[in-house]
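**Q** Starting from the given sequences, assemble the full structure and let the hints guide the process.
There are 2 protein chains.
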Amino acid sequence: MKVIRTVSEMQALSRSWARQGTVIGLVPTMGFLHEGHLSLVDTARERCGAVVVSIFVNPMQFGPKEDFNAYPRNEKQDLELLEARGTDVVFIPQLDEMYPKGFETRVELTRLPNHLCGLRREGHFRGVTTVVLKLFAAVLPNIAVFGEKDYQQLLVIQRMVRDLNLPIEVVAAPTVREPDGLAMSSRNSYLSPEERTMASCVFQALQRARQMANGGVVDTIMLRRAMTEIIEQAGAQVDYVAVVDPDTLEELLLVKERAHAAVAAFVGRTRLIDNIRLKG
Amino acid sequence: MKVIRTVSEMQALSRSWARQGTVIGLVPTMGFLHEGHLSLVDTARERCGAVVVSIFVNPMQFGPKEDFNAYPRNEKQDLELLEARGTDVVFIPQLDEMYPKGFETRVELTRLPNHLCGLRREGHFRGVTTVVLKLFAAVLPNIAVFGEKDYQQLLVIQRMVRDLNLPIEVVAAPTVREPDGLAMSSRNSYLSPEERTMASCVFQALQRARQMANGGVVDTIMLRRAMTEIIEQAGAQVDYVAVVDPDTLEELLLVKERAHAAVAAFVGRTRLIDNIRLKG
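Residue numbers (the working numbering), protein chains in the order written: chain A, -2 to 277; chain B, -2 to 277.
Don't take every hint at face value.
The list treats identical chains as one, so a pair stands whether inside a single copy or across any two.
[Claimed, not checked] Below are the DSSO-like pairs computed for lysine-lysine, each with C-alpha atoms no more than 30 Å apart in a straight line:
(1) Lys276 with Lys98
(2) Lys98 with Lys(-1)
(3) Lys(-1) with Lys276
(4) Lys253 with Lys62
(5) Lys253 with Lys(-1)
Simulated from the structure, these hints should not be mistaken for laboratory data.
**A** Below is the structure:
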């Protein structure tokens, strides 16, 4: 396994792979890897001759009051986990090459970010689309794997790739959960032992909404009320609970054949998100 | 010479070139080609094993009151000119593939567009950067050639390429002029015979500013006044006359070692632009 820290070296290697006809897979991450990330690596490994995992904590996608500085980092452990999982290259770009003096280019979407997390995190998705385009340009992948846990991010990236004609297939990989249902996330490391116990309420709320929908409840006000109750009774705080169209993320009044429930909640000071397909 | 009208066919061909190690050059145009465009093709031809010229009149870079519908088009003549000049592929993407239903992605710069033409043409450079990124993704060039006549566009593209780590070298090609100095432009075809005679005032104004600067005039108010006089005495209307830093496009009070003069003028209803390096 090779560690590459400059864009030019990464591009040179990717171009030599492309000349050999090697299919290149990219798994973009912010590091502090867990089994969720590693399942994305497995997905890339199955499909690609060369697997690149990028590690970059991207300041542009954090708001001024968010946790950029506190975000957990452990490069040594990340490299061990990736080596064990059969990664070919770990691409760790440096901040001053990603955002050089005079940097002024943004990639942004005009509609999909105006829902869910995008409404609570001003500029977040602009930061995501900009950095992901830069990672795509550096790694030149044929396939890029993103987790369904960050469902809005997945849709935003899929839309960007389609809109910009990028020659990349975006692959979605299912959310990996702890035994009690909590979606794996680097931010789970912020939780105290009591908060960790409390945090399972997020998935419980989503499961309850799914049971209700499968049981015939179509009024999304009732689903949202039920989710809110479960979260608040556990002692967490709702940031949003929503039932949305899974393509446009527009809120639904009535559950349709295709509908998604999404939650963001504060467990203590830690903001957790999760989502679930309501039917089928 | 091959004509390609779909992104997927273009990408497949570019990828097969890349596998052979062929250097790919792209000349993006809006068609209605003249000797200015063809000199860009010559520049690409000298440097590249495969030369692609794109023709796409991009609605996103025209304002609502601008000349998108009137913009001149002549595909048959363009193809003849390009074949004679040794083009390998003419890429003519279709509107519904470039801007499909639900399109919502924008690429934009936050500083360079806030000068010169960018101030007069709301959203113009957002349209340029977005479409050029799409053309880059479709053609996957190693080198892209742009004319110095659209100087602000050239800077904007160079900045975008650097900021996004695109693995593309942007090559600038000098402005090609008519015998009386008028910069070649597809929009010159709008001019009546009298307007065509009048239009040489734009370059005359720039030349006068250069003579003055080389003669020791450093006060840019005097240079701008002289340029304005020449344009107005010819019967044209100034949209802007400016003396700017050639990297940031910020207006200068005093001429520096590196300074650029830029003009936009209406000759009748036709808006013409041109620019010149003031010193050296």
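**Q** I'd like to know which numbered hints this structure contradicts. Please list them from smallest to largest.
**A** 3, 4, 5
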